[in-house]
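There are 2 protein chains.
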Amino acid sequence: MSTENDIFEVMKTMRAMRRLKPDPVPDHVLAQVLEAGTCAPSGQNLQRWSFLVVEDQAGKKFFGERYDYWMRERFADVLRDIDYSSAAGRQAKAAMHLASHMHEVPVLLFCCGTRDWPFAVAPAERVGRAPPSYGSIYPAVQNILLACRALGLGASLTTMHQMFEDDMHAFFGIPATHGVVAVIPIGYPAGKFGPITREPAPHKTHFNRWGQGKPGLAEPMV
Amino acid sequence: MSTENDIFEVMKTMRAMRRLKPDPVPDHVLAQVLEAGTCAPSGQNLQRWSFLVVEDQAGKKFFGERYDYWMRERFADVLRDIDYSSAAGRQAKAAMHLASHMHEVPVLLFCCGTRDWPFAVAPAERVGRAPPSYGSIYPAVQNILLACRALGLGASLTTMHQMFEDDMHAFFGIPATHGVVAVIPIGYPAGKFGPITREPAPHKTHFNRWGQGKPGLAEPMV
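Residue numbers (this note's numbering), protein chains in the order written: chain A, 28 to 249; chain B, 28 to 249.
Extracted from the complex, chain A is given alone in its bound form (with noise of 0.2 angstroms):
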């Protein structure tokens, strides 16, 4: 077994990677990633995910255009006055590079789910179409992401579709049952795989009531 495996080094290793090369992913490999999605929990174990993996130049085209678009369009003030040479710089950099390459990214994973009002909602406020849940599609996202670091490629976790999603269905021809939850594009990665830089945990949690701590486990910041 290969220290790749180790799930805690997996998580503390797997960034968002947005540099991918165009050498395709076989299929058994992309199988297990999918395995891996299906592997996780959904309310009452009912399973909403479907995925849509894109490889044809059409398809990557049609989605990466409206994606990149979208992308200057959202973040044209932040990118206007933005410091490359600062994280949020570099990251900005890495994001507008995947957005404009993404015709050339070997698979788009669509992470889909189906729509359903989730039971907080009064039948009375349900109005309008009912968004997918995202509780039971996430956990699979997540399940698919560690799994691609494991497996030595590279992905990022993208929610931009959601300005052009009508489009989507109707050129991937996806129902209406279905809301896209999340996109992964999925390739080998171009750099490197590194450590990930996170505020620590203590810092987050907090202990039986809201602002109070315990040495070592919570030491809230608010």
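A hint or two may mislead.
Identical copies go unnamed one by one, so any copy, or any two together, can satisfy a pair.
Unchecked claim - With a Cα cut of at most 20 angstroms, we get these calculated EDC-like pairs of lysine to aspartate or glutamate:
hint: 1; residue 1: K241; residue 2: D108
hint: 2; residue 1: K48; residue 2: E62
hint: 3; residue 1: K88; residue 2: E192
hint: 4; residue 1: K88; residue 2: E152
hint: 5; residue 1: K241; residue 2: E82
hint: 6; residue 1: K120; residue 2: E82
Just so you know, the hints here were simulated from the structure itself, not pulled from any lab data.
Starting from the structure of chain A, add chain B where the hints point.
Same frame as chain A, but now just chain B:
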């Protein structure tokens, strides 16, 4: 390194564990679980999660009473007719067991997120309170569940608190800026970990266009 830590093994044996021993969970073990949570990705790496670890009797009793009430209220019809010898029946029985023993579970972990309108919701449509960004919190929730499994802890993902979240804010002092996304009851399992039951990934996968297949990878059952 123990094989317990192999990421694919962990995923494949990560069942919801709803029968838990009252034995305490050591702080250093819980700290590892929370650190795993903070390794998750989040939009722009903003890490908008906060955790509330509830171990005191008053807090667990307050939460357990309401949780148990709503489980019975919400599933009254289902429970009346259920076949307890079926898989769904056994699952329902375990869920009701957890509900009525919630106050005896060693750790209740509230996974919270800051409220923020998703960018896909136009400003004119931003009415009422924004939900937390589920996509930025659920990957952390899944990391926490996987870490529990790797460390031999039983856990499950619950969302029934949505029915009485306002009460929780008042009792635990959770600020209005945050929402509670999921509650994870954690303890050492009374039963055994075991394989999960899932529909095979190829049945949930489409290739290039919805409904299209690719042998071995995508054999969609629609």
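**OP:** Output the numbers, in ascending order, of every earlier hint that fails for this structure.
**Re:** 1, 2, 4, 6
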